[in-house]
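Chemist: Sequence:
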Amino acid sequence: MAFNDVADPTRQLTDPAERTESILGQPFSNPASALDWLSPSHILNEFIKQACGYDIVGEAANVVAGDWEVVWQCAGAYRNLANAMQDIGVNVSYGNVALDATWHGNAADAAFMYFAELSSKVSGQQIPLNELAAQYETAAEGTYRIAETVSGIMKDMLDSAMIGVAAASAGTATIETGIGFVTGWGVAAYEAYKIAEMADNARKLIATASALIGGAVATIQSLAADTGTLSQHPLPDRAYTHPGPA
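For the sequence shown, the working numbering gives the first residue as 3, with consecutive numbering after it.
Be a bit skeptical, because a hint or two may be false.
[Said to hold, decoys possible] Straight line, CA to CA, 27 Å or less: simulated DSSO-like cross-link-like pairs of lysine-lysine: (1) K51 - K196; (2) K51 - K157; (3) K157 - K196; (4) K206 - K196; (5) K206 - K157.
If you're looking for bench data, these hints aren't it; they were derived computationally from the structure.
When you get a sec, could you build the whole thing from the sequences and use the hints?
Modeler: And the structure:
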């Protein structure tokens, strides 16, 4: 008996959205320009480190640097696959019901039970796949937006560092005049104070980003664990075997 599919799973298997789409209602900016603070000159980085007492640039880079658009696209791929699995399950279920209407007996009953279970489990794959997508979206959305905020702070820090370095250089160059020395190093000290304040704010955001990423990773790992959602929706462990004529 032949029957037509009622759903087309292949239409779901499209490329996930790229930068032309939005994340949290806003488009992705250019990752290169958003993170152009990652390579400050050595003297600026040293000024920032001396002002903060630690390498805030390195800390920020370790957490927020990365192509979060790709993570977002991974979530889209999982959602597309979830929709395709649902469509496949619908097709199996439709064909099973259509076949059952014209085929009777022990073999027919056994086949119906097998394919009913198969359609349910195939469709059920959408649940863990959508949960995986949600976790990838959480990591991408949250960390990307935090990264943008941190990037703004880091750029302001670099501006202050440039002013501080220039002022310190001017103060050193005019050390013999006394006044120039005090003024130059006074400006440098003020910029260092501003950098320390900004670094404290950046560090709080970095901690938030780290917690967000860690939470998403832990959830993804739990989904794949023996007791996770993925294991709760397994596919049948055997192929269909015809039991013989009715």
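Chemist: Please go over all the hints and tell whether each is borne out by the structure.
Modeler: Hint by hint, here is what the structure shows:
Only pairs whose Cα atoms come within 27 Å are accepted, and K51 paired with K196 is accepted, the gap being roughly 13 Å. Restraint check for K51 and K157: satisfied, since their Cα atoms lie roughly 15 Å apart, inside the 27 Å limit. A distance of roughly 13 Å separates the Cα atoms of K157 and K196; the hinted pair therefore holds under the 27 Å criterion. Pair hint K206 plus K196 holds up; C-alpha atoms about 16 Å apart against a cutoff of 27 Å.
A distance of roughly 17 Å separates the Cα atoms of K206 and K157; the hinted pair therefore holds under the 27 Å criterion.
Comparing the model with each earlier hint shows no violations; every hint is respected.
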